[in-house]
Amino acid sequence: MSLATYRKRLRRRWKKAGMEPGALVHMGEIPITPVEIHLIEYDDNTLIERDITGETDFRKYLETSKVSWINITGIHDFEKLTRLAHDFGIHPLVLEDIVNTDQRPKIDEFENTLYIVIRMLHMKEEPEAPYEIQSEQISMVLRENVLLTFQEREEDIFNPLRQRLRNRKGHIRRLGADYLAYALMDSVVDQYFRILESLGEQLETLNEELIRQPGPGALNRIHTLRNEIIYLRKSIWPLREVAGSLQRGTAFFITDATRLYLRDLHDHIIYIMDTVENYREVLSGMLDIYLSSISFHINSQMKVLSIFAALFLPLTFVTGIYGMNFEYMPGLGNPDGFWLTLGAMGIIAGTMVAFFWRKHWL
Amino acid sequence: MSLATYRKRLRRRWKKAGMEPGALVHMGEIPITPVEIHLIEYDDNTLIERDITGETDFRKYLETSKVSWINITGIHDFEKLTRLAHDFGIHPLVLEDIVNTDQRPKIDEFENTLYIVIRMLHMKEEPEAPYEIQSEQISMVLRENVLLTFQEREEDIFNPLRQRLRNRKGHIRRLGADYLAYALMDSVVDQYFRILESLGEQLETLNEELIRQPGPGALNRIHTLRNEIIYLRKSIWPLREVAGSLQRGTAFFITDATRLYLRDLHDHIIYIMDTVENYREVLSGMLDIYLSSISFHINSQMKVLSIFAALFLPLTFVTGIYGMNFEYMPGLGNPDGFWLTLGAMGIIAGTMVAFFWRKHWL
Amino acid sequence: MSLATYRKRLRRRWKKAGMEPGALVHMGEIPITPVEIHLIEYDDNTLIERDITGETDFRKYLETSKVSWINITGIHDFEKLTRLAHDFGIHPLVLEDIVNTDQRPKIDEFENTLYIVIRMLHMKEEPEAPYEIQSEQISMVLRENVLLTFQEREEDIFNPLRQRLRNRKGHIRRLGADYLAYALMDSVVDQYFRILESLGEQLETLNEELIRQPGPGALNRIHTLRNEIIYLRKSIWPLREVAGSLQRGTAFFITDATRLYLRDLHDHIIYIMDTVENYREVLSGMLDIYLSSISFHINSQMKVLSIFAALFLPLTFVTGIYGMNFEYMPGLGNPDGFWLTLGAMGIIAGTMVAFFWRKHWL
Amino acid sequence: MSLATYRKRLRRRWKKAGMEPGALVHMGEIPITPVEIHLIEYDDNTLIERDITGETDFRKYLETSKVSWINITGIHDFEKLTRLAHDFGIHPLVLEDIVNTDQRPKIDEFENTLYIVIRMLHMKEEPEAPYEIQSEQISMVLRENVLLTFQEREEDIFNPLRQRLRNRKGHIRRLGADYLAYALMDSVVDQYFRILESLGEQLETLNEELIRQPGPGALNRIHTLRNEIIYLRKSIWPLREVAGSLQRGTAFFITDATRLYLRDLHDHIIYIMDTVENYREVLSGMLDIYLSSISFHINSQMKVLSIFAALFLPLTFVTGIYGMNFEYMPGLGNPDGFWLTLGAMGIIAGTMVAFFWRKHWL
Amino acid sequence: MSLATYRKRLRRRWKKAGMEPGALVHMGEIPITPVEIHLIEYDDNTLIERDITGETDFRKYLETSKVSWINITGIHDFEKLTRLAHDFGIHPLVLEDIVNTDQRPKIDEFENTLYIVIRMLHMKEEPEAPYEIQSEQISMVLRENVLLTFQEREEDIFNPLRQRLRNRKGHIRRLGADYLAYALMDSVVDQYFRILESLGEQLETLNEELIRQPGPGALNRIHTLRNEIIYLRKSIWPLREVAGSLQRGTAFFITDATRLYLRDLHDHIIYIMDTVENYREVLSGMLDIYLSSISFHINSQMKVLSIFAALFLPLTFVTGIYGMNFEYMPGLGNPDGFWLTLGAMGIIAGTMVAFFWRKHWL
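Residue numbers (the working numbering), protein chains in the order written: chain F, 1288 to 1649; chain Z, 1288 to 1649; chain V, 1288 to 1649; chain C, 1288 to 1649; chain W, 1288 to 1649.
In case anyone wonders, no lab produced these hints; they're calculated from the structure. Check the hints yourself; a few may be wrong.
A pair holds if it fits inside one copy or across any two, identical chains being indistinguishable in the list.
Within a straight-line C-alpha distance of at most 25 Å, the following computed SDA-like cross-link-like pairs (lysine to any residue) qualify [as the list claims (entries may be wrong)]:
#1 1393 - 1481
#2 1646 - 1373
#3 1303 - 1459
#4 1411 - 1343
#5 1521 - 1640
#6 1295 - 1444
#7 1303 - 1441
#8 1646 - 1389
#9 1393 - 1626
#10 1646 - 1333
#11 1302 - 1379
#12 1646 - 1296
#13 1302 - 1291
#14 1646 - 1565
#15 1521 - 1558
#16 1367 - 1497
#17 1347 - 1502
#18 1646 - 1338
#19 1295 - 1420
#20 1646 - 1387
Because the structure is a prediction, the values reported are computed rather than measured.
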């Protein structure tokens, strides 16, 4: 994430200074999209799926024994969201967090509700732009048999899951809303592997570039990748705690069966963290290599320079002596003078070469 | 914060060496401003607001069921402060901390009183001066239904809050002094986002400068920003503990409703810490880039130098040979001598170029 | 492990995104090898050994009082593995982990089953290839008197253990499946000492190379070894937790006798970790030495260069003066002019030498 | 503290190897000074002060209800100290620690006695010497109503405290021996602020020197200050634990009133640690600046060198060509030959300048 | 410890791969020395001392109320050791650890036995060899009133202790086997101070060398000392835990009196660790100084080089111009031509000097 993006987020935050905590504020840059609500209500035998467009009293979904998954796309119709929050007893602070989409991953436990924030990661897909990881906030409100999910934009990552629900494939229809929440988090975490693979590809390319032609361009790309990896680490690290506290947590509606799956999710996140840490160390090793290969180049250029200077500066000086125009100079009239001088120069050059040979510079 | 400011504070501290702990001392540099006391007394239905100028027995505010917010501006009239402290049963050590305004953020629990120190941050606003974050101490003494706040100077950051109290907007009038204390801390923390944004702006400018024209000026600004970020981190880090221990603490008059808001505040502080850490890493990456781009420049200058020296030193030597004034030199009389020599020089130059080509220096 | 290997693994992972957790997927690159099942059933007096080829109801092994060690080689016949898992009540997630052979070492506790993953390490044996540590996943499922082990390939590292079982040597026949699991882990950890020895050998060779002839080759090998050591650390570190939690764990079928052996194993792993950490520090010291010896070389070449330039540039300039062709130049006609000029050059050279002597450059 | 001082201490230590733990040994270098014992016995109403010269049975001070402060100056009369230790039931190991004055700050709890070691810090006051912090050990033995303090030398830092005792000023006379111990520790810690201020002054001077004239002198002073800061940190860090465990400790004779003061002391120590950490980071930033400003200088000298070499080497070569003495050279007889050659040289120079301009070297 | 020593140890380890845990193996390099057993049996009144040569039933020493100290020198007669182990109920794994003398310091608690490993440190005493710390393993098996100590070689470090036992000096005869074990550990730790002193001496010498004549020799010695300090830290760090867990441990036969002495031992170890850490930081500071002083030298040589090149290259070029042999050159016939040219060169030189003066290079 670039510094500019960071700054934009921070400005948005302090613009709210002085307002009531829990107040919902329209951020200028984001267009107000309509809220779309999609409902899937299911148990082992039946599955009802529909879009909710008009006004509904959502409280009925709390009282049925079926599992209801209510997916809300678009978070800028505050009136509708407030009504929804009221029906499900969502705390104003939670609603504020849902709307302010730069939360770090976290889990907040309320009396009979869990509020989970995770971040969906994408790669920026413009081909010429520098490598950049972008993220979208996925908020989940989990009650005993209801799961609410909030997305900023329509994304298709939950479609395979919907398909599994419709197909009665696997045990997803037999287990409750807690397993559904797990399955959604698992889908999101699975995307991280894709991000890691593309990062690894960047690292490989960079590594080859460093060997082929080290230069400031490579340095800048090391810098960019380093910032992206730091950002990635910041996004994933708290997720570990989220999965961990879900698994070990006290919420009564997380069943033991689901806890086993959450342990698996926890393992995946640790695997991802390990990879990210590994990338960080590889990248820092690349910087070391870059720096020391530059030093090595300076060294070998220095060697060439010193050898040529030490060889030719004395010789040129000797030619200079006999290039002087004094009338009376010894040896100028000597028929062998030229050859004697060349011989002397040969001896000087030989001494120099021997000197450099002994210093292992040749 | 500059080293000089640091030193001034330390001198003030040891000047007090040997005095009774809890003794209040006039620091020379600060003018003795009068103490102004502003009272807001409210419950859900009524709100009384007035300035307290004469002598008052403050103990009555402890016995009413309304919430009293007593804001004290100016901390140099020790007599008045001591009387106030006596009425509210404030420990002499707390009073000493209120007056010595370089405390780090902390929370001290007493039997039925909480003493909280937080730091309000500003940017120095003189346009030409180097970037510097300044801070002011806000002390809060919280009892069951009374909140005392102490400020060095009149600041307007609490005005939006006063307005909310007057407007009966939100639940601030329905909740107690604990929520009021939270709301004040939240106002202060909201200002941190502004500081972070301005820091981010500095980092962006610096980044561009490093790419455009790296030099000692940029280096000095890296150094300055680094010190400011270290200072910022030192100011915010203990705040995390303050919010955390308030939220999890045992003080009986912190209601569960307020604890939820304190959890939210805790999240904000962690978000700020994350950003500060991120800035630190970005800055340290910038220093790396600066250093390695200098190395790279040295390298490419070295290359130019070596090539020119290795090319022209031998050639000039050859011209020197035929510039000698010996009477008997072979070839001087040869009509093609000049062209043969030029040819030899061409071969030497070609060899050198081939050598550098193979070394990938060209 | 190279970046390319890493990337291949990651791609495999996200290819599974959207699938049911616990689903088994054929990875394209691995040929489907048949599953071979080898059984050793023993108690203190008897030992039965046979290959299981046809279909068997494995549940009978759970009900006997003898210890059964079922070693499964090959993990790509999912149908057979699923049947086996069903018989032994292995959770689908565990089976998924057995099949996806890039798990980090871990221990998962289920009600009456322990699932242990450790990694067997090899050195790549192609003589010309860069040094690379490869690893294979060994999965163990431990129940009260049954131990299942899963290997990707037939390896002979468990043969000494089988021999010990057949020989009735030592107490391995008297102790239960928990001791057998320990003994297998111990065999694997013993191989780590071999890896460490070969790594140490590489470090010694590298150290000598750095002293004899530092260059980019040495630098690249430092980089390679550094990545291998990082990878090794990542593989061994979680093993410490595995041994620790086995030893302190609550699983009822781990006897006190075995716990003593597990403490010993834990000590071995810490010894290995210590050695790895030591290697890391030695390697980072080598990089420091490499960098500073290059700086030192640059310094001494610089010295030679400066001395020659400072000595001969002024002298050559003097010869240049008397090489000019002005008609009226003082001293040209002087019979001692040549010698006086040589004398002046001698004085200049002497001054230079004295200057460098005082600067300790000679 | 210099390496030499360190070494002296270590030698003293191992000279004792093989002796009985608790054995008291005369260190050669320290002259045997007589032990001076000063007693202040007080309660809220009375205060008796006197020097104890002859033999006394100290046990009586344990049985009175007054508070007794027995200050022992000089620690080399082992016989007298042993008698004293016997009267107060001081463990031989504690007496050994009192006599070996290079302990790190610590607190040892015995059944009804606390043994506290803190270190008094001074700056070396010889004007020409390098900056060095020196320290003296203050040992305190605290029982319910008796405080013993041991000093190596007569120092006046406790005088203000004595004055406060005599004046009945503050509550020092009303509180017990535990408060007295706190007040002594507080006096010592107050002196640390002075040390920190002088360190800060050194840092400021150094910072200016680095900007004005960076050189090996500044580097050596960075090194010295760094070692002093490390030493300071080592002396203060354990003090934090001392204050913390006193405050939270279980000793029955530490009253709640004193615990509040100890919390304040704890805050002071954390403030000091923060400052020391800050100094460390500032100093490490200075080293970075020093190194990169040297690199920057090398870079700009390199630039000058390359430009001059690339400009004048080719030109001088051209002059060399026409300085050769061949009889048949084209153009020598051309009346415009000189000007044409000068023109060619101008074109070469112009090309070079253009080249450097495009490379941003000019 | 050198890399070669490390490697030898590792080879020995994996040579045992596949063997029964607890199996005793003859390491080729170590000659099989006879086992010598020395017994001291004492209580407050009596002391019996003798060498045990024949076969004995050691179990009787477990049943007496006296304290028995059985010191075994030589660990290669496995038969004798196994018999001894059997008599005292020593676990096979413990015996294996006694025989494999490269354990890290540790404490293993068994039901009624403690097994302690510490390492005795020596300096290599060959005068010309590089500085190297060597270590020997001391194993202790402590039961209620029996202490077994195992040494590889006859060393005299326990002699002072034997003398103290014989002399009835101090309380060593009144306290039990636990105090004896403490006293032995204390003797070993006392030797560490000697090692530290010699290390400090090396550091001082190195520091002087770095100031006098920095070169690759100094760099190598920094490297060697760094490795030794790392090794020292690895040997001592676990000792802290050993002393700590002995002191706080649950073993019933460690008396409260001895625990006080163990706390003292713990303090000594922390003092040693502090010193080692300090050395590490001093050494890393030395490396910084070395590197930056080389940079500084490069910088000042560069300055000299640039000044000479920038001064004389243009001047020599000017002489070259008037050295050309054109027939028609302006000014050659001018009687003042020579002086005018010299004047022009003076102006060029003056400009250069002014330029360097303004750049603070002169």
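Consistency of the hints with the structure:
In this homomeric assembly, residue 1393 and residue 1481 come within 25 Å of each other (Cα to Cα) both inside a single copy, at 22 Å, and across copies, at 24 Å. In this assembly of identical chains, the alpha carbons of residue 1646 and residue 1373 never lie at most 25 Å apart, being 83 Å within a copy and 65 Å across copies at closest. Proximity of residue 1303 and residue 1459 under a CA criterion of 25 Å is satisfied inter-copy only: 17 Å between copies versus 42 Å inside one chain copy. Taking the shortest alpha-carbon separations for residue 1411 and residue 1343, neither the intra-copy value of 38 Å nor the inter-copy value of 53 Å comes in at or below 25 Å.
Proximity of residue 1521 to residue 1640 under the C-alpha cut-off of 25 Å is found in neither arrangement, the shortest distances being 58 Å within a copy and 49 Å between copies. For the homomeric pair residue 1295 and residue 1444, the shortest alpha-carbon distance between copies (22 Å) is at most 25 Å, but the shortest distance inside one copy (27 Å) is not. For the homomeric pair residue 1303 and residue 1441, the shortest alpha-carbon distance between copies (22 Å) is at most 25 Å, but the shortest distance inside one copy (27 Å) is not. Taking CA atoms no more than 25 Å apart as the test, residue 1646 paired with residue 1389 passes in neither setting, with 61 Å inside one copy and 43 Å between copies.
For the homomeric pair residue 1393 and residue 1626, neither the shortest alpha-carbon distance inside one copy (88 Å) nor that between copies (80 Å) is at most 25 Å. Taking identical chains as interchangeable, the C-alpha atoms of residue 1646 and residue 1333 are never at most 25 Å apart, the minima being 86 Å within one chain and 73 Å between chains. Taking the shortest Cα distances, residue 1302 and residue 1379 sit within 25 Å of each other inside one copy (19 Å), while across copies they are farther apart (39 Å). In this assembly of identical chains, the alpha carbons of residue 1646 and residue 1296 never lie at most 25 Å apart, being 59 Å within a copy and 38 Å across copies at closest.
Proximity of residue 1302 and residue 1291 under a CA criterion of 25 Å is satisfied intra-copy only: 17 Å inside one chain copy versus 33 Å between copies. Neither within a single protomer nor between protomers do residue 1646 and residue 1565 lie at most 25 Å apart by alpha-carbon distance, with minima of 41 Å and 34 Å respectively. With identical chains, the CA atoms of residue 1521 and residue 1558 are at most 25 Å apart both within one copy (15 Å) and between copies (10 Å). When the C-alpha separation of residue 1367 and residue 1497 is checked against a cutoff of 25 Å, the pair qualifies neither within a copy, at 54 Å, nor between copies, at 48 Å.
Taking the shortest Cα distances, residue 1347 and residue 1502 never come within 25 Å of each other, neither inside one copy (64 Å) nor across copies (67 Å). Taking the shortest Cα distances, residue 1646 and residue 1338 never come within 25 Å of each other, neither inside one copy (82 Å) nor across copies (63 Å). Both within a single protomer and between protomers do residue 1295 and residue 1420 lie at most 25 Å apart by alpha-carbon distance, with minima of 16 Å and 21 Å respectively. Taking the shortest Cα distances, residue 1646 and residue 1387 never come within 25 Å of each other, neither inside one copy (67 Å) nor across copies (47 Å).
When held up to the earlier numbered hints, the structure conflicts with 2, 4, 5, 8, 9, 10, 12, 14, 16, 17, 18 and 20 and fits the remainder.
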